[in-house]
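Taken in sequence, the protein lines are chains S and H.
What the first sequence shows, in this note's numbering, is residues 1 to 422, in sequence order.
What the second sequence shows, in this note's numbering, is residues 1 to 422, in sequence order.
No lab work stands behind these hints, which were simulated from the structure alone.
Computed from a predicted structure; not experimentally measured.
Any given hint could turn out to be false.
[To be verified] Distance condition first, Cα-Cα at most 25 Å in a straight line; then the derived SDA-like pairs of lysine to any residue:
#1 25(H) <-> 37(H)
#2 148(H) <-> 341(S)
#3 25(S) <-> 80(S)
#4 144(H) <-> 225(H)
#5 217(S) <-> 326(H)
#6 217(S) <-> 218(H)
#7 144(S) <-> 385(H)
#8 217(H) <-> 386(S)
#9 148(H) <-> 322(S)
#10 239(S) <-> 104(S)
#11 217(H) <-> 323(S)
[What the hints assert, rightly or not] Computed list of chain H residues with no C-beta within reach of chain S, every gap over 10 Å:
#12 84
#13 147
#14 217
#15 239
C-beta: ideal position from N, C-alpha, C; glycine also.
Number of protein chains: 2
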Amino acid sequence: MTIDSPRAFLTGLYQSAVAAVSAEKCLPAFLPQPPAHGRTLVIGAGKAAAAMAHTLEQHWQGHLSGLVVTRYGHAAPCRQIEVVEAAHPVPDAAGQEAAHRILQLVQGLSADDLVLCLISGGGSALLALPADGITLQQKQSVNKALLKSGASIAEMNCVRKHLSAIKGGRLGLACAPARVLTLLISDVPGDDPAVIASGPTLPDASTCEQALSILRKYAIAIPPAVEAHLASGRGETPKPGDPRFARQQHQIIASAQQALDAAAYAARAAGVAAHILSDSMEGEARDVALVHAAIARQIAARGQPFSRPCLLLSGGETTVTVRGNGRGGRNAEFLLSLALALDGHPAIHALACDTDGIDGSEDNAGALYSPESASRAAALGLHPGRMLDDNDGYGFFCALGDLLVSGPTRTNVNDFRAILIL
Amino acid sequence: MTIDSPRAFLTGLYQSAVAAVSAEKCLPAFLPQPPAHGRTLVIGAGKAAAAMAHTLEQHWQGHLSGLVVTRYGHAAPCRQIEVVEAAHPVPDAAGQEAAHRILQLVQGLSADDLVLCLISGGGSALLALPADGITLQQKQSVNKALLKSGASIAEMNCVRKHLSAIKGGRLGLACAPARVLTLLISDVPGDDPAVIASGPTLPDASTCEQALSILRKYAIAIPPAVEAHLASGRGETPKPGDPRFARQQHQIIASAQQALDAAAYAARAAGVAAHILSDSMEGEARDVALVHAAIARQIAARGQPFSRPCLLLSGGETTVTVRGNGRGGRNAEFLLSLALALDGHPAIHALACDTDGIDGSEDNAGALYSPESASRAAALGLHPGRMLDDNDGYGFFCALGDLLVSGPTRTNVNDFRAILIL
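Next up, chain S with everything else stripped away, as it sits in the complex (with noise of 0.2 Å):
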């Protein structure tokens, strides 16, 4: 891998960021010695639910069964754990059904049993299961207005955890008197594991007023019988120190920090200086990109902070609020906004995508920029500054052919952002 092909170079990062946070690399570090009496069940929901459960079972000593669900596209060939397919990010009947079959088959477990619970970023959405007095209708109308608004992933998960049966240690109430271990690959800023895939087996420290300021706060319509569920507090979660939680654990198995000293690691083996800004970064995904854009500028004008060539990188979980008709996720408008902001810079590329390999709801991980994307979408008659009004970035890079398609990765570690200042 070198730097004489500086889009080979980024593609290449990615994928190196991508599989150091693979379920195959980093789960089986993880696993604990298997009971000695009682069973072994795993349940787990997410993008790499299905991928971890197929890691384990070719480490694992013993007996295994269970359920995961996964979304469409994710499954892996596993041959004791059954494996669920369903909608993500709008839940789906399969999903409400898996959730509702995981929350039966903890039941009467005993005291000798083990439960490995695999869970990753997505499957808040996977394991949909409507707290009594809510539909899932209901649920869906709530939750695609926060998924538009411009809401961070923590405020989503909080209205979620609320009008769930399952979510917010609901799942891990369920399995007692068992002993749990949760293994989690992260996928929410500052990896805190009761808000990934909105913590089923977690104490949760927010309540139902907060969820009911959330919503109120983004202007979301709240349908009455969310409303009656939230102000009479029937949806409040276990809160942590809660001693039914005693004989549970958990462990984060991969980060986005993780994929980004992998990046690193293998920037520095070419020999380009890597520089990680934050593996956690938030915020409005177009401002973000230009102070991205105003820091490669500065390196690519006067060496600070930092001597070039050099590579920036970054992760986390930017925003977009949607006001336009475009397609693409976060990863495009950010692409699209530093584009705009770089201008055709010559000494500057970048990448951006989800590591999960799919950015928003389209087919692409993201994209890749390069100082002629500007020359190259003009010549095309392409205007990048109302595209990029339009949320329109997937629109805009595959016009150049510059989307980056991996198909799904089966891990989800959140953005993963490389910039590249020759």
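Chain S is fixed; fit chain H onto it per the hints.
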């Protein structure tokens, strides 16, 4: 200066930064020889115009006359050059009258004469003379709407240039056939001299058509006379390469980079590693703050991309899309968003100020943030999230007693942000 008192340390850095870009420090080295035969006329506009004129008088060998316009409260005791004060950021009749008189002063000059034009940030509003057929009131209504729209300074100035009788090179044209030297203190990201104060003496590459599309982009109500003026092309400016500018020169004498370099130098002298991220950062203030917070947290948690203790510095000009009814400029907004994101992190202190000493339209230069800000705010019953929603950064830091009030600094190189990670 030591980091034993982070607050005094950061305030000292701000003072070092401002001192490094004062007229007194920067102007003398760029003064030309007086003309052999003709007279020397001084004109100018901006927050630093009076300070520049005052310094010029102290260093000039020979007779001077002329007129500069500055903001109310920004005058300096000149003896030969008349100083007029006018309104900023919304123009008033005093500025219009001064612009009119400046255009009269440069009539009838000879090729032997020298015009020294002293330009700094704020000059755009201070030199407000509407083009024929447009009233000051119409220009003001467009300007007020632009200031609240989230438009960048470059976009605002493109519009202003095409509604003006003096901007976008028109003042330069009026000086012919005299020699013209324009000395500029830059308050614009990227230091393009044609953008500073809307470039009254510099040719302008932007067009009437662009001005119109900017007004439409931000959904500004366009008075019919303004629309007719732009659509007819009557407002077109002289373009780069115009031979009528052959005897005109310009020189930037102070910029954001110089202010940041001075602060970095002062920090290093105190034993603190200083890293300049950018001299030209743009974007929505609250999102730019999230990125700064993410980098600061990465440094505190992982020693990436810099080891601590260290100082992060950045300049540029953020924007605020006003949605609430609170008080405060973009630096208070930046710092309130930073405060929310850092949430009392014990190792991080910060300052955000405008180098002109006026954040937005308030009486403060900016504000200071410390780890105790969050708990002190809670003790006072303040809700930082709600106050940010209401764009009330001033109210927040005023209640904490953490505004930084310097009074007008009589220079202007835009934003100054310093974040200390201990």
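* To do: List, from low to high, the hint numbers that the structure doesn't satisfy.
  => 1 and 14
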